[in-house]
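Mind docking chain B on chain A? Use the hints.
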Amino acid sequence: MYGIIGSAVLVGLGLVQLVKRKDLKTFDGQSITIKPKEKGFINYLIGGIIFGLGWALAGACPGPMYALVGSGFISILVLIFGALLGTFVYGLLKSKLPH
Amino acid sequence: MIVSPLPWFIAGPLIAVIMFVLIRLGKQFGMSSNLRTLCTISGAGNYSEFFRFNWKDSIWGLVVLLGVVFGGVFAFQVLKVEPPIINTETASQLKEMGFNSVNQSYFPTELFSTSSLFAIKGFAILLISGFLVGFGSRYAGGCTSGHAISGLSNLQRPSLIAVIGFFIGGLIMVHLLFPLIF
Chain A
1 MYGIIGSAVL VGLGLVQLVK RKDLKTFDGQ SITIKPKEKG FINYLIGGII FGLGWALAGA
61 CPGPMYALVG SGFISILVLI FGALLGTFVY GLLKSKLPH
Chain B
1 MIVSPLPWFI AGPLIAVIMF VLIRLGKQFG MSSNLRTLCT ISGAGNYSEF FRFNWKDSIW
61 GLVVLLGVVF GGVFAFQVLK VEPPIINTET ASQLKEMGFN SVNQSYFPTE LFSTSSLFAI
121 KGFAILLISG FLVGFGSRYA GGCTSGHAIS GLSNLQRPSL IAVIGFFIGG LIMVHLLFPL
181 IF
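Here the protein sequences come in this chain order: A and B.
Everything in the first sequence is counted per our numbering, starting at 1 for the first residue and increasing by one.
Everything in the second sequence is counted per our numbering, starting at 1 for the first residue and increasing by one.
If we strip away everything but chain A, and leave its shape as in the complex, we get (with noise of 0.2 Å):
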């Protein structure tokens, strides 16, 4: 895990600078930027952490959760309901969160 994790950010920070040095461009010839997250201490902090303790337990983040669906296990199927509902949520609580 370390080692995917580890891997693809290495190349991901080559392709990246790649593509703010040699100024590329998108596919249609748009120039690209890439937008830089907003500002924020606590929410990153708890946000992540809470993601992290749903992870380990779970054994799946939101984008290998859908490749799992492939498997044929139905209970991925309660998965994605609990991350929905987890989504919804916190649209609901957002105004009342620290942020």
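Don't read these hints as lab results, they were simulated from the structure.
All values derive from a computational prediction rather than experimental measurement.
Cβ coordinates follow ideal geometry from the N, Cα and C atoms, glycine included.
Check the hints yourself; a few may be wrong.
To be verified - Examples of chain A residues lying across from chain B (beta carbon under 8 Å, computed):
#1 G3
#2 T26
#3 I46
#4 I50
#5 L53
#6 A67
Claimed, not checked - Covered by chain A, per the in silico footprint, the following chain B stretches (three or more residues, Cβ under 8 Å):
#7 21-31
#8 34-45
#9 62-74
#10 91-102
#11 106-115
#12 118-131
Same frame as chain A, but now just chain B:
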């Protein structure tokens, strides 16, 4: 056809290539945003401002999602990918916790089989873990793809904070909470 899982040094860079292609399509790599889009399509905009945005601009993300589903079907049903072999020490720890399906199934069948789905504990674990993933990724503004891969590749400090959070949460779950749950 039965194949082994791709080694990490192929799988990881491939993920980065997907990010690169999405950037060059004028998009960004982030999977958890699709959960918000799906909430909006289901009418969540009636309950919160957060879901009031033009979801039609995010359809491309759902197309990626559909591609991931098809990729999963292809890997599991056509290529019949073998279960990954887990570090021997981790495997024996998992067996002590009662996970006997280690190295035999892609997931622990103790959690993901249909029979455990109908047990309260199994169902609760799936629902709660999904909830934490959905809630946490939106609170943090991204998940492993949006922060760990895209954000870190672009040297974003917020993403580093989020990723540190991911691992704090993951380590707490595995080392402190697993013994209580299993």
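Hint check results:
1. Checking G3/A against chain B by beta carbon gives a least distance of about 3 Å; that is within 8 Å, so the hint holds.
2. A least Cβ separation of about 4 Å between T26/A and chain B falls short of the 8 Å threshold, and the interface hint therefore holds.
3. Against a cut-off of 8 Å between C-beta atoms, the interface hint on I46/A holds, since the closest Cβ of chain B lies about 6 Å away.
4. Satisfaction of the interface hint for I50/A is found here, the shortest Cβ-Cβ separation to chain B being roughly 3 Å, below the 8 Å cut-off.
5. Checking L53/A against chain B: minimum C-beta separation of about 4 Å stays under 8 Å; hint holds.
6. Interface restraint check for A67/A: the shortest CB-CB distance to chain B comes to about 3 Å, inside 8 Å, so the restraint holds.
7. For the segment 21-31 of chain B, the proposed coverage by chain A is satisfied: 6 residues have a C-beta within less than 8 Å of a C-beta in that chain, meeting the threshold of three.
8. Requiring three or more residues with a Cβ within less than 8 Å of a Cβ of chain A, the coverage given for the segment 34-45 of chain B holds, as 7 such residues are present.
9. For the segment 62-74 of chain B, the assignment as covered by chain A holds, since 8 residues bring a beta-carbon within under 8 Å of that chain's beta-carbons and 3 suffice.
10. Counting residues of the segment 91-102 of chain B whose beta carbon lies closer than 8 Å to any beta carbon of chain A gives 0, which falls below the threshold of three, so the coverage claim is violated.
11. Counting residues of the segment 106-115 of chain B whose C-beta sits closer than 8 Å to any C-beta of chain A gives 7, which meets the bar of three, so the coverage hint holds.
12. Check result for the segment 118-131 of chain B against chain A: holds, 9 residues qualifying (beta carbon to beta carbon below 8 Å, three or more required).
The earlier numbered hint that this structure contradicts is number 10, and it is the only one.
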